[in-house]
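Let's have the full structure, built from the sequences with the hints guiding it.
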Amino acid sequence: GDKVKQSPSALSLQEGTNSALRCNFSIAATTVQWFLQNPRGSLINLFYLVPGTKENGRLKSAFDSKESYSTLHIRDAQLEDSGTYFCAAEARNYAQGLTFGLGTRVSVFP
Amino acid sequence: DPKIIQKPKYLVAVTGSEKILICEQYLGHNAMYWYRQSAKKPLEFMFSYSYQKLMDNQTASSRFQPQSSKKNHLDLQITALKPDDSATYFCASSQDHSDYTFGSGTRLLVI
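Here the protein sequences come in this chain order: D and B. For the first sequence, the tail end lands on 110 under my numbering, and the numbers increase by one without skipping. For the second sequence, the tail end lands on 111 under my numbering, and the numbers increase by one without skipping.
Simulated from the structure, these hints should not be mistaken for lab results. A virtual CB, placed ideally from N, CA and C, is assigned to each residue, including glycine. There is no bait here: all hints are sound.
DSS-like cross-link-like pairs, simulated, lysine-lysine; straight-line CA separation at most 25 Å:
1. D:LYS5 x B:LYS40
2. D:LYS3 x B:LYS41
3. D:LYS3 x B:LYS40
4. B:LYS9 x B:LYS82
A partial selection of chain D residues facing chain B, derived with a Cβ cut-off under 10 Å:
5. TYR48
6. ASN93
7. ALA95
8. GLY103
Rendered as C-alpha cells:
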C-alpha cells in the first residue's frame, strides 16, 4: 500500500449523501482502474482511466497523472454501494501488473 | 453466465502438498493474470501472460508456476504449500492490458 495510498481507510455514509475517495500514487502511473469488492468478495471493475474523467451513473472518477492522484465520487449513496473500493495503478511496463492500494471500506446505512 | 471461471471456489490443503488452481476466460481477451489477496495486504500481482507467453518481471516464488495449455486458460500450480500461502487467489483478464475483469477467486487454506 505504500506505492498507492488510499484515503480514507473507512467511510460510513447515510443513504442519499455524497462522498469522495482518493488515491495518491508514488509510482509513475499511466492508467488507473477502480474496483468495488462486494461483501461476497467479487471484484467489480468500475472505471478504467487514462488521464481525464469518466462518469457512470452515480459514480464519477478522475485521474491526474501529473499530480499523481485519482478520485472517485459517489453521489446519492445507496445501500448496494457498500463494500471495499480499490484503486490500482498501471505503469508503462505492463509486465509489472497493477499496483493496488489497501482500499476504502464504505458502509452505507439507511 | 460467469465470464471468468475459477475452480475450485474453496480449497483446503495440507502443508507440503501440491495443488492446481484453474482459470478459464470466455471474453476473448489476449492477456491473463494471477493476483493474490491476503489479510491486511493489498492485492498482489503475481503473473502476467500475454498471447500465452509469460511476461518478465514475475514477483512470485518459484513454487508458484503458471500453466497455459490453451489460449483462454491460465492455471496456477503451487508446490510445497505453506500456511503463509493461505489467501484468495484471483485470476483476471484484459484486452491489451486495458480494463480488467476478475474471476470470483479461489480461497485457499493451508493447514
